[in-house]
Each structure stands twice: as structure tokens, then as C-alpha cells.
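Undergrad: Take a look at the letters that make up each chain.
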Amino acid sequence: MGRTQNLIGPTGELNLEHNDLSTPDLAAIIDGLNECGFLTSISILNVAGNAFGDPGLELLAQTFLQHGNNMQLEKLCLQNV
Amino acid sequence: MLKNNISDNETILRNFALGVNNLPRLRRVYLSSNILRDNGVSALLSVLNSRSLQRIQLSMTGLTPTCLVNLEEYLMSERSRPLQSIRLNANLLGSEGLESMVKILKQMNTSLEEIELFSVGVDIARFSAEVSKRSSTELTVDAHLLHTPQYFLVRRMLDRNQILRRRTASNAAQLLLASRVLLLRVREVKTDDQLDSPLLFPLLELPYELRENILRMLNPLGFLSDSQQSKILAYAAAGESAGWAVEYIRWLELVDCHRFDWHHQYASSFRTTDPKEIEN
Numbered sequence: 000m001g002r003t004q005n006l007i008g009p010t011g012e013l014n015l016e017h018n019d020l021s022t023p024d025l026a027a028i029i030d031g032l033n034e035c036g037f038l039t040s041i042s043i044l045n046v047a048g049n050a051f052g053d054p055g056l057e058l059l060a061q062t063f064l065q066h067g068n069n070m071q072l073e074k075l076c077l078q079n080v
Numbered sequence: 000m001l002k003n004n005i006s007d008n009e010t011i012l013r014n015f016a017l018g019v020n021n022l023p024r025l026r027r028v029y030l031s032s033n034i035l036r037d038n039g040v041s042a043l044l045s046v047l048n049s050r051s052l053q054r055i056q057l058s059m060t061g062l063t064p065t066c067l068v069n070l071e072e073y074l075m076s077e078r079s080r081p082l083q084s085i086r087l088n089a090n091l092l093g094s095e096g097l098e099s100m101v102k103i104l105k106q107m108n109t110s111l112e113e114i115e116l117f118s119v120g121v122d123i124a125r126f127s128a129e130v131s132k133r134s135s136t137e138l139t140v141d142a143h144l145l146h147t148p149q150y151f152l153v154r155r156m157l158d159r160n161q162i163l164r165r166r167t168a169s170n171a172a173q174l175l176l177a178s179r180v181l182l183l184r185v186r187e188v189k190t191d192d193q194l195d196s197p198l199l200f201p202l203l204e205l206p207y208e209l210r211e212n213i214l215r216m217l218n219p220l221g222f223l224s225d226s227q228q229s230k231i232l233a234y235a236a237a238g239e240s241a242g243w244a245v246e247y248i249r250w251l252e253l254v255d256c257h258r259f260d261w262h263h264q265y266a267s268s269f270r271t272t273d274p275k276e277i278e279n
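In order, the protein sequences belong to chains A and B. Just so we're aligned: 67 in numbering that gives the first Met the number 0 is position 68 of the first sequence, and the numbers increase by one with no gaps anywhere. Just so we're aligned: 56 in numbering that gives the first Met the number 0 is position 57 of the second sequence, and the numbers increase by one with no gaps anywhere.
Be a bit skeptical, because a hint or two may be false.
[Said to hold, decoys possible] Restraint-style ranges between C-beta atoms, simulated for each label pair:
{"id": "1", "chain 1": "B", "residue 1": "R249", "chain 2": "A", "residue 2": "G36", "range": "21 to 27 Å"}
{"id": "2", "chain 1": "B", "residue 1": "E246", "chain 2": "A", "residue 2": "A26", "range": "31 to 37 Å"}
{"id": "3", "chain 1": "A", "residue 1": "Q61", "chain 2": "B", "residue 2": "V68", "range": "25 to 31 Å"}
{"id": "4", "chain 1": "B", "residue 1": "S229", "chain 2": "A", "residue 2": "S40", "range": "31 to 37 Å"}
{"id": "5", "chain 1": "B", "residue 1": "R165", "chain 2": "A", "residue 2": "E16", "range": "30 to 36 Å"}
Worth flagging that the hints you see were computed from the coordinates, not collected in a lab. Even for Gly, the Cβ is constructed at its ideal location relative to N, Cα and C.
In isolation and in its complexed conformation, chain B is listed as follows:
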């Protein structure tokens, strides 16, 4: 039987990435087992800038360490902000592939929670043994790598990313709740008795800017960036509704809180490789 046989045509792969960028709800793209090679994947990643893509599969696509520069550039940029999972199995990335993931997660990326690097030709002799711990996030590598420091380190940083994303989402929901009360003014028809009675909630009489400042203090740990807070406050004040049928995740995407914003002012305090530091 004939197969898809998508090749490493850079122009077509760039166009395809532009098309993917134009799909507002696309979460998963599977391109495994096409011979895209280093140049094809590099072309694809150089243009990919989806606001919704959470998972990409590029297993068995003929990759070598040559593509790691472009892979790092993509995974450390804002363009990969929603990406939670990448599969790179059965590519000849070697030890450089695992070291590259360490670098990406250590320096910048806070969105990845799952990485698969099974059968990529990692040289065990380069790594010393260390006991790893179980975790809820996923890093799939060959069995002989399960006790290496690199595996342990990447696993901890994937945990960190998962905690940051969850904290961002829960803080966003908390802020929305309070913002609805303080910012959304519902028109009421008051009776004569109510006109003379004091307000039950005097904070509502404060100027809008002060109420907004008070709400921003609900983010003392800094999981939400200024930009994310502004989007939540604007959403709350406008009285918009995502509707019953719309998933929670869609609302998070709408206010850009489906990921931790690595570039905001407090982000450096989360530049840790130990997820326990964030939990505490």
C-alpha cells in the first residue's frame, strides 16, 4: 500500500505551518514516520506559531543533532507557549538530544510536561548513575537511562512546568471570581427604601482603578503576569460569558492563562529545577 510520504520540502512545510497557525482550536498534530529530515522539521518549526497546539509528534522523521539548534530555538521561544508534549522517538538525536532538553527546560521552557526520547541512540557511558523518583509528568527514554542525572533533572523540570501551569490556571479562576464581584456592575432598579440605605458592599463605591489594584493583590505569589491579569479583569468587567458549553480550558486560552508566562516580572523566582520550591 502507498503511504503519505511527506518529504522534506521546506516551502510546503512552511506553508503547512502557516495553515496550522490559522487553526484556532488545533491541539494535536501527528507527523511521525514521514521523512521530514532536519531541514524539513527546521523549516516547519521556524514558522510554527500556534496559540493552541499542545502536542506534536515527530517520531521517526529522520532527525539528527543538526536540527537541535532549531528545535531549541522553537522550544525556548514564545511561539511554543501552549506546547505541553513533544515526541521525538526513533530519531538519531543521540546524547545531544537529551542534553538539549535539559538546556531548554533549565533556561526557558515552562510549558513542556511530556517528552519522549525513546530509542534515540543516547550513549549511557556519558552519564553517571543516580536514583530517579516517580512523578506524574512523563519523560520516556530507554530503560538504561532511567537512573541518569539528566533523566532525573528533566523529569523534575517537567514536574515544575506542570505545577506552574496548574497554579496559573487556579489563580486565574480565583481572580475571575473576585473580579466579577468588584468590577461587574449589574444595573438594578432600586426601591425607595433601598435608595437611602448604605451599600452592603462599600468597596463597589471605590474608583475603578483602585478596585483593579486591590484585585491585582490577589496574585501575591506572582503566578499571573500583568498581561494575564489585565485580560482576566477586562473579561470580568465586560460581563462576557464563555457559556455553559465552552470548556474551562477554552476560557483559559481566551485570557492567555493556559500556560505560565515565563517572561513576566516575577518569573525569575520560579527559575528552579526543584518543583518542591514552588509547592512550598
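One chain only, chain A, in its complex shape:
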């Protein structure tokens, strides 16, 4: 959980670009951020160029549906770069 918290930069940016993340990896990061209360403070989520595909997109969709109202997210990067 502590390591997840340290991923967020001072401006609220969570940059996980090109980290070969699978859907379980993404789920663990989201759970960790949620547990320590940092999920709602992210302003930029960059998960471009990872490996989660459709299941990861569905996970993000459900996360936004569940917590979106309280989130500060302004920029979402999902490119397949």
C-alpha cells in the first residue's frame, strides 16, 4: 500500500506508462490507492502502452462508476503506444 501511495507525483499524476501491467496488476494498484484514500486525489492517470486490454478497460470503467463522483481525474491516457 505504501509503495502504491508513493507512485503519485506532487501534482496528482500517476504515470504507469509502459510498465507491462496486466489487469490483476492494475486491480492491485487501484485497490491499494483506494485503501489509502489516494484514488480520489489522482488528477492524471497515464496507463498508456501496458498489457491489460479489454478486461483492464472494464476494470477502469467499474472503478469510475463506483468512485468517479469523488475523483479529481482530469486526464486519462489509454493509448496503445
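Position chain B against the provided structure of chain A, taking the given hints into account.
TA: For chain B alone, kept in the frame of chain A given last:
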């Protein structure tokens, strides 16, 4: 290295759009280089209804002219009201793509200020040459299209949209300023001398409805719709404050003045392709 590889799964893309709709501050979504195809993008756009989304990137997503019907439907609807920028580079939209943008901007859309259509396979032979002018808004197309009438027309309408949005925002700020004075009553403890003296600002003694009508006259050019004016007046009368830390744009979003309301009663007078007509 493995990549995101988001596919054209329509159910998941619809769910994703619902999730995006639930993010009140989301301004930018980048989905380029995923093979979403016509059906995936159409599914996404059919549900997308964000109140804050200003920029979407759908470059290199495998689009063809088949998706233009759904793209037009989205861009001409109220659901795209805050959208200022769309990138559709490297999709095989062809000449129909550029013609579609002309149609969208001519008929309804007043929010788009930037369109990218680089490398979409437009057939230059379909367009005749015409000199274009520089402008502050952005339309990025292949170099050989820079002198076509379609490019010139779209560029002018993007300029028009930018002017309409700026005028709406500045009129909103002016109206808020006057509304605070006329509508917000601050409780004061008056001294005995002040009780007998005439009011320094007699308009404050008028009934609320009259003061509101006077304020609505501050919108003679019609950049603000009735609905937008009502939201500003309600905000001013309630004595709410967006707070020092809150951006100006957030306040504009709160009172729905971050865009020109194409559907209001005076909107038809701005249905022009020449931004100079609005400036004057």
C-alpha cells in the same frame, strides 16, 4: 513489449463511456492507437455524455466513413457540449471525413475549436484551390489540403466557435459582477443616523423580479441563454463562492457558461460561417 490492445468490444466501451460520464472533472481522454474500429467508437460515442470532456483523441483507431453517421450524431448533439478538440489522424475517413466536419460545424456544433485530420486519405482532386488565412484555432490536415475551400470554411467556423465561447464566458463574468450588487443582500447593522438617510443605491429597493429583469438586459447581444442567465443569477443571489482556490473555468462549468448554448432563442443569429460578423 505487450500493449494495451483495447479492442472493439461494444459492451465494454459503452461501460467505459458511462464511467467517463461519472468523472466530473475529466477534461482529456486519449484512446489513440487502439483498434476500436467503427463499431467500437460508435458504441463509445452513443453513450458518451460528459459535462467536462474538452479533448478526445481517437487517432489511428481503424475508423472508416462508416462511423461518420455516429460521429456526426455525437458532435451535433448536446452530449458533446464541452468538447473543444477532437483528433482523428491516421484513420481512413477519406474526403467524407472533411466534408462531415464542414457539415457538423455548419449545422450545429459551436464548441469545437481544434480538429486534426492528418493523413486520412482525402482526395485532393475533389476540391478546388482557394487561399486560406492564418487563424488562432487549429485544423490540422495534410499540406495539400491547406488551400481548399473546405479547409478554409472549417477553419473559419472553428474561429467562430472560439469567439462564441469567449464572449459567453466574458458576458457571464460581467453579469455575475452586476448581479452580486443587485441581488445579494448583505445583512447590515445600521446606526440610528443611517436608518433615516436615503438609500445610496435605490435600485436595491425594487422587487426581486424587477431587479432580475434589469440584469437580464445586460445580455443585449444574446450570448447567454435564459438558462445560463438564470444559473448566474441564482449563484449570485445565493451568495455562494467558488473560493480562491477554484479556477475560473470551474465556475464557468458550474453555471454552464463554459460553452455557447447553441439551442437558445438568439442562437440562429450566430449561425454564420464568418467570425467577423460576430466580432462586429
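Undergrad: Do the Cβ positions of B/S229 and A/S40 conform to the proposed distance bound of 31 to 37 Å?
TA: 33 Å, holds
Undergrad: If you check the beta carbons of B/E246 and A/A26, does the distance land in 31 to 37 Å?
TA: 33 Å, holds
Undergrad: Does the Cβ-Cβ separation between B/R249 and A/G36 fall within 21 to 27 Å?
TA: 23 Å, holds
Undergrad: Is it true that B/R165 and A/E16 lie within 30 to 36 Å of each other by Cβ?
TA: 34 Å, holds
Undergrad: Can you let me know if the beta-carbon spacing of A/Q61 and B/V68 is within 25 to 31 Å?
TA: With a Cβ separation near 30 Å, A/Q61 and B/V68 satisfy 25 to 31 Å, so the hint holds.
The earlier numbered hints are all upheld by this structure, with none contradicted.
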